Amino acid sequence: MTVTETYQKPDAQGYYGKFGGAYIPEMLHRNVEELREQYLNIIAETSFQKEFQLLLKDYVGRPTPLFLAERLSALHQTNIYLKREDLCHTGAHKINNTVGQILLARRLGKTRIIAETGAGQHGVATATVCALKGMECIVYMGEKDIERQAPNVARMKMLGAKVIPAKSGSKTLKDATNEAIRDWINNPNDTHYIIGSVVGPHPYPDMVARFQSVISDETRWQLKEKTGSELPTHVVACVGGGSNAAGAFYHFLDEPTVQLIAVEAAGHGVHSGMSAATTQLGRPGVLHGSKSLVMQTEDGQVIEPHSISAGLDYPGVGPLHAHLFKSGRGTYLSATDDEAMQAAFELSKIEGIIPALESAHALSALKQIKFKRNDTVVLCLSGRGDKDLATYMGAM
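In this note's numbering, the protein residues as written are 7 to 402.
Heads up, simulated DSS-like pairs for lysine-lysine below, C-alpha to C-alpha not over 25 angstroms straight-line:
#  : residue 1 : residue 2
1  : 15        : 297
2  : 332       : 297
3  : 378       : 232
4  : 173       : 150
5  : 376       : 332
6  : 173       : 163
7  : 63        : 232
8  : 163       : 116
9  : 378       : 230
10 : 230       : 63
11 : 168       : 116
12 : 15        : 332
13 : 24        : 297
What follows is a set of in silico ranges between Cβ atoms, one per label pair, in the way DEER data are often shown:
#  : residue 1 : residue 2 : range
14 : 74        : 196       : 45 to 53 angstroms
15 : 358       : 174       : 37 to 45 angstroms
16 : 15        : 71        : 22 to 30 angstroms
17 : 39        : 83        : 48 to 56 angstroms
18 : 262       : 74        : 24 to 32 angstroms
19 : 15        : 356       : 34 to 42 angstroms
20 : 175       : 334       : 30 to 38 angstroms
Since the hints were made in silico from the structure, they are not lab data.
Keep in mind it's a predicted model, so treat the numbers as computed, not measured.
For each residue, glycine too, the CB sits at the ideal point set by N, CA and C.
Model the full assembly from the supplied sequences, consistent with the hints where possible.
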């Protein structure tokens, strides 16, 4: 990377290095072009930023705390700060992006919102902002995920959303995304698709990363208050598509002294055939509108992923993360289902915080890295564990 380049922003065609772009059917060209041409100008408007920041403060509950986890720090012999995205309204970081996109959709004149969801947190966050702004909401969710994330399905329905099951393939996040894209093709004029992660055709990966960058923006000034320095030594986050990690990394991407640690879902083991460790198993390919690393067979068929956490159960990864991995800027680890479960119970018992299973994967990395005693580690606790209590109870 030369001095003039930045990891934060893609080029004009939406590429981070060799990954990104917009690979879309002709029927969606007008929608995606409309977004690409207008999103930067709209989100830079004073009126947009005023409304966005006010909602983040008074509705979402930002800034979220940066909590020094003293007992966790003592256990791992370093200084661990938890960025408490689990304390956002709706229980996860997903609301940061849906607030931004609903305001954008209204300014584009859209009246109908569609979304995909895996763990259900993005679906809940989308249903929440649609209720707030009085807009029709349709959420596509894999039939398997509907069963294992029943509390979030109930929340979406209570908020007025229509939840449509995806019954094809593995009946998880990938298939929900396929169904949402089909809907958008059939309803191009009045519908805005709120994608929940840093995936999809350009400009979505950049747009979602910008809305989620509030996480690292707050982290910098909060760390300055607590430690005297804006820069941690490490930032750790889980990655499925990668939105919470993109937000947690964003304002540190061009700070080479900060180590960026992403943790994917290894499922039953990276090479078990039941995994979602895309950077380890994937090859360059096109999935859901962008070129990235994709778990696929020799002839290009997508391999079904597996994770105990519905939010990480995805066979690809956002193009920003593919670039960070391939360039060496980020370190990409993985955690098995069992390791994530162990980390979740550990945090619950020593800090009184029950994390989402997704966040538990990030927590498991604390045992994989040798930290120094004076390191400053920021871990993005992306969501709370209410939705996963049935899984936790099964393990108990």
